[in-house]
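Make a model of the complete structure from these sequences and hints.
Number of protein chains: 2
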Amino acid sequence: MNLDDANRLDAADPLRALRELFTLPEGLTYLDGNSLGALPRATPARLQRAVEQEWGQGLIKSWNSAGWIDLPRRLGDRLAPWLGARPGEVLVADSTSVNLYKVLHAALQLQQGQRKVIVSERSNFPTDNYIAQSVARAHGGELILVEQPEDIAPLLDERCAVLMLTHVNYRTGRMHDMGLLTRWAQQAGALAVWDLAHSAGAVPIDLLGTAADFAIGCGYKYLNGGPGAPAFVWMHPRHDGQIWQPLTGWLGHASPFDFDSDYQPAPGIQQYQCGTPPLLSMTALDTALDVYDAAQKLGGIRALRNKSLALTEAFMGAVEERVPGAAIATPRDAALRGSQVSFALPRGTDGYAVMQALIARGVIGDFRAGDPELLRFGFAPMYNGFADVVRAVDALEDIIATRAWDRPEFISRSKVT
Amino acid sequence: MNLDDANRLDAADPLRALRELFTLPEGLTYLDGNSLGALPRATPARLQRAVEQEWGQGLIKSWNSAGWIDLPRRLGDRLAPWLGARPGEVLVADSTSVNLYKVLHAALQLQQGQRKVIVSERSNFPTDNYIAQSVARAHGGELILVEQPEDIAPLLDERCAVLMLTHVNYRTGRMHDMGLLTRWAQQAGALAVWDLAHSAGAVPIDLLGTAADFAIGCGYKYLNGGPGAPAFVWMHPRHDGQIWQPLTGWLGHASPFDFDSDYQPAPGIQQYQCGTPPLLSMTALDTALDVYDAAQKLGGIRALRNKSLALTEAFMGAVEERVPGAAIATPRDAALRGSQVSFALPRGTDGYAVMQALIARGVIGDFRAGDPELLRFGFAPMYNGFADVVRAVDALEDIIATRAWDRPEFISRSKVT
Chain H
1 MNLDDANRLD AADPLRALRE LFTLPEGLTY LDGNSLGALP RATPARLQRA VEQEWGQGLI
61 KSWNSAGWID LPRRLGDRLA PWLGARPGEV LVADSTSVNL YKVLHAALQL QQGQRKVIVS
121 ERSNFPTDNY IAQSVARAHG GELILVEQPE DIAPLLDERC AVLMLTHVNY RTGRMHDMGL
181 LTRWAQQAGA LAVWDLAHSA GAVPIDLLGT AADFAIGCGY KYLNGGPGAP AFVWMHPRHD
241 GQIWQPLTGW LGHASPFDFD SDYQPAPGIQ QYQCGTPPLL SMTALDTALD VYDAAQKLGG
301 IRALRNKSLA LTEAFMGAVE ERVPGAAIAT PRDAALRGSQ VSFALPRGTD GYAVMQALIA
361 RGVIGDFRAG DPELLRFGFA PMYNGFADVV RAVDALEDII ATRAWDRPEF ISRSKVT
Chain C
1 MNLDDANRLD AADPLRALRE LFTLPEGLTY LDGNSLGALP RATPARLQRA VEQEWGQGLI
61 KSWNSAGWID LPRRLGDRLA PWLGARPGEV LVADSTSVNL YKVLHAALQL QQGQRKVIVS
121 ERSNFPTDNY IAQSVARAHG GELILVEQPE DIAPLLDERC AVLMLTHVNY RTGRMHDMGL
181 LTRWAQQAGA LAVWDLAHSA GAVPIDLLGT AADFAIGCGY KYLNGGPGAP AFVWMHPRHD
241 GQIWQPLTGW LGHASPFDFD SDYQPAPGIQ QYQCGTPPLL SMTALDTALD VYDAAQKLGG
301 IRALRNKSLA LTEAFMGAVE ERVPGAAIAT PRDAALRGSQ VSFALPRGTD GYAVMQALIA
361 RGVIGDFRAG DPELLRFGFA PMYNGFADVV RAVDALEDII ATRAWDRPEF ISRSKVT
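Just so you know, the sequences run in chain order H and C.
Read in the UniProt record's numbering, the first sequence has 161 at position 161, and its numbers run on one by one without any break.
Read in the UniProt record's numbering, the second sequence has 169 at position 169, and its numbers run on one by one without any break.
Check before you lean on any hint, since a few could be wrong.
No copy is singled out in the list; a pair is fine if it fits within one copy or between any two copies.
[To be verified] Computed cross-link-like contacts, SDA-like style, restricted to lysine to any residue with a CA-CA straight-line distance of at most 20 Å:
1) K116 with L145
2) K116 with G140
3) K297 with A80
4) K61 with P25
5) K61 with G27
6) K116 with R137
7) K116 with A138
8) K116 with Q187
9) K61 with A318
10) K116 with H139
11) K61 with Q186
12) K61 with A369
Rather than coming from a laboratory, the hints here were simulated on the basis of the structure.
Printed below as a string of structure tokens:
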């Protein structure tokens with residue numbers, strides 16, 4: 001595939017209208033939407049209105065007149081269909097880490113002290129494992145990490161309280177079978193907690209269909225809610241009324257404006273709200289979900305998923321063909337793949353310097369200093385296209401072939417970060 | 001004092017230049033800055049830049065180039081002098097409720113299970129007491145609430161782990177003697193945790209001078225950070241390295257980008273960061289602190305405090321004189337008063353309906369449906385003036401004298417809220 005081929009494919013893309021709903025820097029190939037999603041075109045004006053009208057003019061009245069008080073639930077309702085959940089089951093609040101803390105405590109309470117082990121993967125995003133360590137310790141239990149997905153099943157024993165997994169692995173882009181692993185966990189008497197940070201908005205999710213127990217996820221990756229956008233949390237309705245999550249802030253109270261002395265949790269997911277939410281950041285996420293409404297009319301998650309798989313498939317094929325020695329870490333099997341591609345370069349090629357050289361040519365992917373193996377490229381089907389695939393691989397091929405990465409300005413930066 | 005007198009006083013106000021740094025609706029008398037601060041004039045353009053340039057154009061690079069990664073610490077450093085703390089000791093993160101959860105857990109850990117009782121006031125803002133109930137229960141202890149400040153001292157016994165107080169009471173505006181109560185608590189072997197939600201930016205605070213143990217507070221009241229602005233947290237440096245707070249998210253890790261498997265807390269206040277912060281809301285708070293820089297040049301907290309006391313004194317005097325039967329709940333003694341005035345109306349006068357009638361005339365104060373006694377008026381010395389005092393009392397006097405509140409549109413609203 002060359003750039004002409006790619007442009008033809010992009011012109012025939014049934015989702016191409018979505019690209020126009022984003023503002024991206026001219027000439028940039030942005031393949032890091034799995035880390036921070038792009039800016040929807042409508043967001044600046046909407047946020048200006050929130051600041052100047054709702055805050056500046058409406059002031060305290062906007063809690064009612066601008067609907068601030070309902071925003072966490074309203075955003076949850078808008079997200080629900082993309083998660084396979086129903087309206088009223090999802091809440092937008094706090095950060096992914098804070099929401100994970102809430103649901104893990106709730107899950108361990110449901111186990112009533114009979115089971116205290118949380119099982120997860122060492123390759124999970126670190127914050128999930130750190131939070132799980134803290135919660136397990138608070139309950140007198142422990143976090144056990146597996147090295148390979150194949151090692152999970154043997155740990156689902158009578159000690160296992162919770163299987164906590166990130167649906168799509170942030171490093172490799174490998175996707176778990178949520179239905180199968182949830183069933184295994186529950187058959188063993190454990191609860192299934194899913195982190196959807198790298199899934200929401202990019203791959204089909206069916207929380208109710210898989211009968212998972214809890215889920216949390218991030219608003220600023222494929223959902224395009226803006227830097228540090230608030231996160232979401234979901235609980236299966238069968239757990240309603242069984243437990244209290246420990247962050248018992250006033251907005252999770254059954255009657256927050258009665259100013260009772262004692263905490264009484266609100267029914268359902270509302271009890272997972274804690275303090276007053278950051279409304280400007282919430283408003284940016286609200287606007288971002290308008291793009292998802294537009295996507296729904298163009299085929300919804302099925303169309304997004306098909307495009308995502310075509311992009312990652314094309315990228316993997318081109319990398320294998322044109323980057324000698326690249327070892328692709330992402331599954332070729334579409335059923336096991338999220339919406340990103342990761343690969344390692346041959347020994348002797350400084351991955352960080354390669355990424356810096358790519359960035360200097362206007363191609364942005366991700367490389368973590370603490371993980372000096374993998375170059376990672378996210379494909380956001382809303383705004384990435386086949387031309388992005390070609391431009392990225394063209395640049396990569398040339399940088400490797402000419403050793404353009406082997407320059408002091410790229411190498412030295414890899415040492416200070 | 002009539003409007004001419006008030007205008008003369010306002011014209012002579014050494015802080016009058018600060019009023020011009022805010023945008024307020026034309027003709028509105030806004031006396032609810034203790035609930036949601038007004039919009040600084042510079043905020044819309046700054047936020048537009050954050051959205052369009054930092055997010056839209058800078059994308060992932062803005063974590064470094066726009067300084068997003070340091071923002072929680074940088075905001076803390078900017079706040080520190082207003083709290084009597086040093087740079088490096090304060091962090092802006094999460095919500096007030098979430099930060100209280102962190103510091104209460106830390107405080108109870110410091111007591112090593114020897115003491116498990118948290119003492120506070122029933123009239124505390126509910127979220128504080130709800131969070132304290134949760135934390136006390138997690139440690140096998142309990143929350144004991146006093147009805148009157150005078151009842152605190154007898155409870156500072158060998159069971160008391162933490163004295164948790166809000167410096168300025170949200171209902172009455174009564175201010176505690178932070179130095180004295182901290183000393184009493186510590187002499188009894190307890191730790192002192194202060195909620196500065198209704199103090200920060202409005203009254204002098206000396207955390208290091210009083211040697212308090214922990215403090216938290218709110219960014220959206222007198223600090224004008226915008227609706228739901230992130231909150232702040234402070235820990236006395238003597239506790240550094242002694243304890244872990246339980247919300248062990250990756251940005252509180254000693255080396256967050258090393259992606260270690262095990263959590264190791266960062267030194268100092270940095271470990272109180274958890275997940276990725278809501279950067280648009282953080283940026284609004286950053287801009288709001290520019291107004292505090294301007295205030296510093298005009299006399300700082302001393303000048304703000306003097307003006308605040310003059311405004312609340314004038315308001316109380318006028319209410320006593322012109323609103324028959326009003327029972328002022330706020331201390332007349334300046335040493336016991338924050339920056340608001342609360343009073344109850346005589347039996348038979350519907351306080352909620354009175355507040356609705358005031359709002360209809362362009363005077364905004366606060367009235368909580370769950371607390372059907374007190375009308376509350378906050379005086380933000382940065383943008384309120386003596387003319388606001390006169391306009392509010394003129395409207396109030398007329399509404400009471402003519403029973404203008406006794407109309408279906410005001411009364412009926414008091415029943416549905």
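Next on the checklist: Treating 20 Å as the Cα threshold, decide for K116 and G140: within, between, both or neither.
Outcome noted: both (7 Å within a copy, 18 Å between copies)
Next on the checklist: I want to check one pair: K116 and L145. Are their C-alpha atoms no more than 20 Å apart within a copy, between two copies, both, or neither?
Outcome noted: For K116 and L145, the Cα distance is within 20 Å only inside one copy (14 Å; across copies 33 Å).
Item to check | Alpha-carbon proximity between K61 and A318, which holds within one copy, between copies, both or neither at 20 Å | outcome: Neither, since 56 Å and 26 Å both go past 20 Å.
Checklist entry - At most 20 Å between C-alpha atoms: does K61 with Q186 qualify within a copy, between copies, both, or neither? => result neither (46 Å within a copy, 42 Å between copies)
Checklist entry - Is the C-alpha distance from K116 to H139 at most 20 Å within one copy, between copies, in both cases, or in neither? => result Both ways: K116 and H139 sit 7 Å apart in one copy and 17 Å across, limit 20 Å.
Checklist entry - For the identical chains here, do K297 and A80 meet the 20 Å Cα criterion within one copy, between copies, both, or neither? => result This pair counts as within: shortest intra-copy Cα distance 16 Å, inter-copy 50 Å.
Item to check | K61 and P25: within-copy, between-copy, both or neither at 20 Å Cα | outcome: between (37 Å within a copy, 12 Å between copies)
Next on the checklist: Within, between, both or neither: how does the pair K61, A369 come out at a Cα-Cα threshold of 20 Å?
Outcome noted: Classified as between: cross-chain Cα gap 14 Å, same-chain 47 Å, threshold 20 Å.
Checklist entry - When no copy is specified for K116 and R137, does a C-alpha distance of 20 Å or less occur within a copy, between copies, both, or neither? => result Both: 9 Å inside a chain and 19 Å across chains, each within 20 Å.
Item to check | Within, between, both or neither: K61, G27 at alpha-carbon 20 Å | outcome: between (43 Å within a copy, 16 Å between copies)
Checklist entry - Can you tell me if K116 and Q187 fall within 20 Å by alpha carbon in one copy, between copies, both or neither? => result within (17 Å within a copy, 39 Å between copies)
Item to check | Intra/inter-copy verdict for K116 and A138 if alpha-carbon distance must be at most 20 Å | outcome: both (10 Å within a copy, 16 Å between copies)
When each numbered hint is compared with the structure, violations occur for hints 9 and 11.
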